[in-house]
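Make a model of the complete structure from these sequences and hints.
Just so you know, the sequences run in chain order A and B. Take 253 as the starting number for the first sequence in the numbering used here and just add one per residue. Take 124 as the starting number for the second sequence in the numbering used here and just add one per residue.
Mixed in with the good hints, there may be bad ones.
What the hints assert, rightly or not - Ranges between beta-carbon positions, derived for each pair:
1. A:E377 - B:N368: 53 to 63 Å
2. A:K565 - B:L181: 55 to 65 Å
3. B:V401 - A:D449: 27 to 37 Å
4. A:D400 - B:L181: 39 to 49 Å
5. A:I552 - B:N209: 55 to 65 Å
6. A:D449 - B:N368: 23 to 33 Å
7. A:D449 - B:N209: 42 to 52 Å
8. B:R212 - A:I552: 52 to 62 Å
Said to hold, decoys possible - So the derived list for chain B, only partly shown, Cβ under 10 Å to chain A, looks like this:
9. E166
10. H336
11. L338
FYI, nobody ran anything at the bench for these hints, they're computed from the structure. We put the beta carbon where it would ideally sit given N, CA and C, even for glycine.
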Amino acid sequence: MKMDEILIEIQNLKKYFPLKRGIFSKGLYVHAVDDVSIQIPPRRIFSIVGESGSGKTTFGRTILRLIEPTSGKIIYKGRNIMNLNQKEMMTFRKKMQIVFQDPYNSLHPRRLVKDIIGEGLSIHEKISSGQILERVKEILKKVGLNEDHMFRYPHEFSGGQRQRIAMARALILNPEFIVLDEPTSALDVSVQATIVDLLIELKNTFSLTYLFITHNLAVVDYISDFVAVMYLGQIVEMGSKDDIFNSPSHPYTYALLSAIPDPDPKKKRSRTIPRGEIPSAVNPPEGCRFHPRCPYAKEICKRSEPEIVEVSKGHLVKCHFPLR
Amino acid sequence: MNGALLTVKNLKVVFHTYRGTVHALDHVNFTVLKNERFGIIGETGCGKSVTSLAIMRLIEQPGEIVEGEIIFDGKDLVKTQENALNTIRGREISMIFQEPLSSLNPVMKVGFQIGESIARIKNTSIKACKNDIAEVLRAVDLDPDRVANLYPHELSGGMAQRIMIAMALSSKPKLLIADEPTSALDVTIQAQIMNLLDDLVSKMNNTVILITHDLGVAAQFCDKIMIMYAGTAVEQAKTEELFANPLHPYTKGLLKAIPRVGNRDRLTGIPGSVPDLVNPPSGCRFHPRCPNAMKICSSQKPALMEINPGHLVACHLYGDENG
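This is the structure:
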């Protein structure tokens, strides 16, 4: 990828959360995000997949500096936003928005929808409240709601409608980049499908770039251009959607794919599931972090951390023995 | 041929709330045969959990079973006295819940909690059950020496669910009700737990009711599936038949809405959202969202009819003119 084809680039991002134990105990850290680098081209959907505890949510928030990273670079259109002070960061915030997983907690229960959606405008742009209302009206239509909804409270809406409101709040400042943190995970399947389609439609209308964080591989397969699989704070495999779904190379990716129960009774579930569970991110396993669960683990996997290798163009795998 | 183990007839459950009466279940009918794996599927608020609680007679104030029969092994549980129910709950019918960690007592060791349930059934002391505790833990692939001495907060979600399964199956129940047993778990752990449940149930010949919103989980586990919507049972069939030949517009809609790996065809959601059960839609409860709704649908509730052998559907599209 050439530089001008990248909207946002993350280099060696780390986030360690200190664990407060006692005054005399040694510093322990949760290695939530450990040396992650990705590049996202404009107007594409880049998905991060992982199970709980993989660090995907922390990663999404760290990119927006909602959580300050421990180290690493976040380069947005060629500029490292890690060096910006609060005031400079303000102007960047307009361009980068986020939609959270739980639409029941992410909307203020005692504020009207028009205030929830319009708040960003009143902070970032010097315009009258009348103009704000006009903009809110406009954006509500774009997300499939109507202007009558402006003077209602969040509790009057269903989960799907709330997620539309959250999307309207993110869109009103004309952002370029949106982090979508499990935006459909709290929704029922029949509603999930309509929201996923809305996300795709909005991306095309507003020329948006998404970082889509989820644990649902089926949705990833439907929506993404690029996919990165995270395990215990690290990216273990990354590539185009076809790379990941048609020729998974990391044993963990393979395991994830085979663990999904197929909604087709004729295709019987795979019985080769990795044993055990995700270990603690406080003391991640030595060597390859997946080795205690990996069916192919050899001696070297216990001792040395694998390098990231390119198995085909743009298809990166962090494994000593990538599957072919 | 297998006989019926559980027959639910015209079950109607309401909850009296300050907003009004919630019509949670509206005349639900189904039969679970011996050794069958029966799936109840539906989205939030469809009444699948209320159904399971009703079978266990765990509907408490402000809820009420207002009508219907629940015939388990020849007895009508709706008419059974509370103290007689206690010989059925946990012995003949066991249940696994969605949140394993909130089903365990946080201040008691795991071994003790398992022992408690075994001791009650065997009518002995917990001390005398030590071997039984070890045996049930081994059955769910846990190391008894280590796990029995842990407190619930030291368990992962997957381990806690294994323990719930161990406790539920320790009494060798005739019927096991699993209410969203893997919904709080990650996919790899979900797969482990479903494989385990599959093995244990095959070995012990239990009858299972699996309640889930995940069509994938149900497709892989169940023999028969009932689809529920807004407190009504809309369709029922053998698993293969249901997926190959869905009849009810809601079932068809659901199947078109699930994203599947390897299938990038356009998804179509079902417009609208689940109705408020304080004021459920008249007639067929699905009619406001139904692409095939007709005049009759808003005025008359469709009856459950057998369209093909074993394939039941409650929809006017398949009825004669009089419904």
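Verification of the supplied hints:
| no. | hint | in the structure |
| --- | --- | --- |
| 1 | A:E377 - B:N368: 53 to 63 Å | holds (56 Å) |
| 2 | A:K565 - B:L181: 55 to 65 Å | holds (58 Å) |
| 3 | B:V401 - A:D449: 27 to 37 Å | holds (30 Å) |
| 4 | A:D400 - B:L181: 39 to 49 Å | holds (41 Å) |
| 5 | A:I552 - B:N209: 55 to 65 Å | holds (58 Å) |
| 6 | A:D449 - B:N368: 23 to 33 Å | holds (26 Å) |
| 7 | A:D449 - B:N209: 42 to 52 Å | holds (50 Å) |
| 8 | B:R212 - A:I552: 52 to 62 Å | holds (53 Å) |
| 9 | E166 | holds (4 Å) |
| 10 | H336 | holds (7 Å) |
| 11 | L338 | holds (4 Å) |
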